[in-house]
Amino acid sequence: MRRDAAVETNTDRGAQRRHRHLEQARLFSLQKIDDIRQRLGTLDLDNTTSVAVVGSLARLEASSQSDIDFIILGKTNEEKLLTALSKIARDLGLSIPNPHGVFNKATELVDLIANIGTAGDTYENVSKRLLLLLEHASVANADLLKSQVSTIAHTYVFSRSEQPSFTFLLNDAIRYFRTVCVNNESSFREEKEKWALRNVKLKHSRIIMHCGLLLVLACASGKRESEAYDWFLRAIELPPLDRIRFVFEECRDRNFHIIEEAYDFFLEMISSSEVRLSLSRLPYEDRHLNITFLSLENTSRKLTSELYRFLHENSGMWSPRFLTRLIF
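Mapping the sequence shown onto the UniProt record's numbering, position 176 (from 1) lands on 176, and the numbers just tick up by one.
Bear in mind the hints are in silico, worked out from the structure with no lab data behind them.
Some hints here could point you the wrong way.
In silico DSS-like links for lysine-lysine, alpha-carbon gap of 25 Å or less [claimed, not checked]: (1) LYS203 / LYS302; (2) LYS87 / LYS105; (3) LYS146 / LYS203; (4) LYS302 / LYS201; (5) LYS80 / LYS105; (6) LYS146 / LYS80; (7) LYS75 / LYS194; (8) LYS203 / LYS192; (9) LYS105 / LYS146; (10) LYS75 / LYS87; (11) LYS223 / LYS203; (12) LYS146 / LYS75.
Computed spacing ranges between beta-carbons, pair by pair [claimed, not checked]: (13) SER226 / LEU294: 46 to 56 Å; (14) GLU23 / GLU249: 34 to 44 Å; (15) ASN104 / LEU277: 21 to 31 Å; (16) GLY316 / LEU43: 49 to 59 Å; (17) GLU108 / LEU43: 14 to 24 Å; (18) SER226 / LYS105: 15 to 25 Å; (19) SER226 / LYS192: 46 to 56 Å; (20) ILE291 / PHE188: 14 to 24 Å; (21) ILE327 / GLY41: 42 to 52 Å; (22) THR151 / ALA119: 44 to 54 Å; (23) GLU313 / ASP44: 44 to 54 Å; (24) ALA142 / LEU92: 17 to 27 Å.
All values reported here derive from a predicted model rather than from experimental measurement.
No residue lacks a Cβ here, since even glycine has one placed at the ideal position from N, Cα and C.
Produce the complete structure using the sequences and hints provided.
What follows is the structure in structure tokens.
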């Protein structure tokens, strides 16, 4: 073996040891996704319906504590799929979605794109539409789902002309993320005992989810018009953390390890039933006395500080209007 190859191998092994919780979560998620695909493959679905998982499975950060969030596009197989997915979740040891939540019924593609920004654009439709661009993994009819996601993206990017513009999508992505933040405050009032866990997830996994799309949009804004849209479609096939890595590499920025290290610690904590129990019992007024919560708060600050640094230091590679539109 060449010496440089040996060094590369040792470096890779060192990275895996340093980020072993990321690697464990990735392997766990990929295995569960494959299990779901195989089980849904026995249903003999027609070619009018696709199924995607979103949430922690799609971000490749799931654990035995995770639930299964899914989006069914197409209503012809709705009842069959809902029954099957509930059974699959139980068989795989995953929690099923809230029966009154946005994921527990099928949606037609046209409903997601027909009323963007109007009074008829429901929270359910906004959530599903944006999540398919923020994070998803196909578990049934992958080619159909890829086409459907492309249609959603095209609706945003070519809304006004034949020249690509990512401003419409940027605005809706910001709207959705801020809606998640506002809903988190509402949940605090309604289910106060769950506030700490939701707060921690908001400041870690939701940040990664949001920035995974945000940075891809930033990078796409600096591409030539002839290649920007195709590049964007390829980039959003990646899960959120991989998107961020990809954009760091595009910008030749070597600090992605800071993101990895912070996120690895978050996954280590959040996959522990003891940590979850501790957070579930944490009164809001005692948050500054809880070492676990303070550690996760510190990790969140590291994560957001590094993402903020990256945005500003590399903004010269993107459209000069991107940062302006990000704020105004």
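Hints the structure fails to honour: 3, 7, 11, 14, 18, 22
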